[in-house]
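Participant: Listed below, chain by chain, are the residues.
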Amino acid sequence: MLIVKLLRWIFGYFDFEIKGRFPERFLNLAVRNGLNLWNMKGEKEELHATAKIADKNTAELFAQKTESELIIEKEHGLPYLCRTYKSRLGLLVGLIMGVALSCWLSGFIWNIEVNVPPELNEYEIRNQLRELGFYEGVRYNSDSIDNIKRKMKLNDERISWVSINIFGTNAVVELSPKISVEKDKEINKKAVSNLKSTADGTITKINVHNGTAVVEIGEGVRKGQLLVSGIMEYNNGTNVMADSEGTVYAKTSRTVTLSVPKEYSKAITSDEYVCKREFSFFGISFPITLCGNPVGEYYKKESKLKPTLFDNALPISITEEKWQRYETKKLTLGSDDAKKLLDNRLKLYEMFLIYSDDRTIISKNSKFQEKNSIYYLTVSYEVEENICEKSYIQVKE
Amino acid sequence: MKRQKKRTPSQGNILMDKINGVYMNVCGNREVIFEGSRGIVEYNENSIKINTGKYIVAFSGRGLHIRCMNEFSLVIAGFITSIEYIM
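Which chain is which? The protein sequence lines are A and X, in order.
Residue 397 is where the first sequence ends in the working numbering, and the numbering goes up by one at each step.
Residue 484 is where the second sequence ends in the working numbering, and the numbering goes up by one at each step.
Everything labelled a hint here was simulated from the structure, so no lab data went into it.
Mixed in with the good hints there might be a few duds.
As the list claims (entries may be wrong) - One side only, chain X facing chain A, incomplete, derived with CB under 8 Å:
id : residue
1  : Glu442
2  : Ala455
3  : Glu468
Unchecked claim - Quick list of in silico lysine-lysine cross-link-like pairs, BS3-like style, CA-CA up to 27 Å:
id : chain 1 : residue 1 : chain 2 : residue 2
4  : A       : Lys371    : A       : Lys329
5  : A       : Lys266    : A       : Lys196
6  : A       : Lys196    : A       : Lys153
7  : A       : Lys364    : A       : Lys266
8  : A       : Lys262    : A       : Lys347
9  : A       : Lys266    : A       : Lys300
10 : A       : Lys347    : A       : Lys322
11 : A       : Lys390    : A       : Lys262
12 : X       : Lys446    : A       : Lys44
13 : X       : Lys451    : A       : Lys329
14 : A       : Lys178    : A       : Lys262
15 : X       : Lys446    : A       : Lys41
16 : A       : Lys330    : A       : Lys223
17 : A       : Lys44     : X       : Lys451
18 : A       : Lys19     : X       : Lys446
Unchecked claim - Pairwise CB distance ranges, derived in the manner of DEER restraints:
id : chain 1 : residue 1 : chain 2 : residue 2 : range
19 : A       : Ala54     : X       : Asn422    : 16 to 22 Å
20 : A       : Gly107    : X       : Ser470    : 22 to 28 Å
21 : A       : Ala54     : X       : Tyr452    : 35 to 41 Å
22 : X       : Ile483    : A       : Lys44     : 32 to 38 Å
Using N, Cα and C, we set each Cβ at its ideal position, and we do this for glycine too.
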């Protein structure tokens, strides 16, 4: 029904009234001759109806034939609208210019969306695209986009695949990072390996899945010493070379020294700031605030406001630069505060380096001291850990 | 000159021949789909009379109007109180 209404509006229609002794005669004549009428309302010696503008002359002729009077009540639709604004040439010029401007502007990129994987940085990618001439407000063609894709892959070794999809005036950049395959981790069924020690210590536990253990529990080992051999000897005198697997736990000791300077400088932000705003319209930027970049100790915070319409970014944006003033102050760290700070750092160290690698702390001995305006925290650990490290042997057949 | 034969509503339709060229589909008292019209005799808010050739069918009621029509059929809508056959 909506399409019918739209078509009627485009082609134009008019409401009319038929006055006469027998308006029914007009109705019969009209339908017999294929005149399309709607909204028919009959009253005494009167008939109201609507017809297409193209049937106006025919309707008038039928009214004459049936000796009734046709009175046009109202005219609707595009042809009447055009006739109303016929004398206003400016409107037509504006319409043509508007359409032309819209066509011309649709050849530009007004919004770039970059979907980057966690391995890559969006800011870097955007800068790379800008350097290659792909930024908001640039006129594009398919050749230039192919060129940009090729150059991006060549310039950045981290990128393995780039795709730039254009949706109207929006561009969506999709990237895929290169997956590096470590050669050591490649599956090699014929590999022969030994297990070697990674630290000095005393063996506490041996668990060998493949290979021959060459050390015993309670034995002291040095870093790089052979723990499990990949060559297995059988009772009948034959040798078999295997990929050694297993765990060898040993008591090891390690020392960590953490330090923090007694005097340090700290940036303290003040309430004073300078705010710069810039309005960007179709890629052209205009400053809104009349102030330059401040001189002194300031740090810059930038935010961009980009309005959207129906989930589509508009080619308008307001960029705000907030230059916050800060002062660098020299502070002296007290002994208690330094101890607290170093303790926290030690906790982090233990969490990430000791507990994460299947290690157990047997005993811990810490010493806090101040030397040459630097606080030191030295901690000696006795740890039980797996000291095995795979060492491949090259075998020539 | 060959005289063109006048088309009738029942032409080529066995069902229409059997029912004397008139077929009415009455939907409650609000709408009537009428086939086999030869012309409208009277048309106002309270009465619509349709010529079928053999008789006139008169619809009486309130706010009666023709929703759409062509040469042989039409749709009458409104509050219908009676349907009368005038021979």
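Participant: Compare the structure with each hint and give your call.
Facilitator: How the hints compare with the structure:
1. Glu442: Constraint on Glu442 (chain X) satisfied, holds at 6 Å.
2. Ala455: Hint on Ala455 (chain X): violated, closest Cβ of chain A at ~13 Å, above 8 Å.
3. Glu468: For Glu468 (chain X), the interface hint holds, since the closest Cβ of chain A sits about 6 Å away, which is under 8 Å.
4. A:Lys371 <-> A:Lys329: This hinted pair holds, its Cα atoms lying about 23 Å apart.
5. A:Lys266 <-> A:Lys196: violated (47 Å)
6. A:Lys196 <-> A:Lys153: violated (41 Å)
7. A:Lys364 <-> A:Lys266: violated (33 Å)
8. A:Lys262 <-> A:Lys347: Cα-Cα ~21 Å, so holds.
9. A:Lys266 <-> A:Lys300: With a Cα-Cα distance of about 17 Å, the restraint between Lys266 (chain A) and Lys300 (chain A) holds, given a limit of 27 Å.
10. A:Lys347 <-> A:Lys322: violated (37 Å)
11. A:Lys390 <-> A:Lys262: Answer violated: Lys390 (chain A) to Lys262 (chain A) is near 44 Å, above 27 Å.
12. X:Lys446 <-> A:Lys44: holds (14 Å)
13. X:Lys451 <-> A:Lys329: violated (112 Å)
14. A:Lys178 <-> A:Lys262: violated (45 Å)
15. X:Lys446 <-> A:Lys41: holds (14 Å)
16. A:Lys330 <-> A:Lys223: Violated: Lys330 (chain A) and Lys223 (chain A) sit about 45 Å apart, past 27 Å.
17. A:Lys44 <-> X:Lys451: holds (26 Å)
18. A:Lys19 <-> X:Lys446: With a Cα-Cα distance of about 19 Å, the restraint between Lys19 (chain A) and Lys446 (chain X) holds, given a limit of 27 Å.
19. A:Ala54 <-> X:Asn422: 16 to 22 Å: For Ala54 (chain A) and Asn422 (chain X) the Cβ distance comes to about 32 Å; the hint is violated.
20. A:Gly107 <-> X:Ser470: 22 to 28 Å: violated (54 Å)
21. A:Ala54 <-> X:Tyr452: 35 to 41 Å: Taking Cβ atoms as reference, Ala54 (chain A) and Tyr452 (chain X) lie about 36 Å apart, which means the hint holds.
22. X:Ile483 <-> A:Lys44: 32 to 38 Å: Between Ile483 (chain X) and Lys44 (chain A), where Cβ atoms are some 20 Å apart, the hint is violated.
In summary, the numbered hints that this structure violates are 2, 5, 6, 7, 10, 11, 13, 14, 16, 19, 20 and 22.
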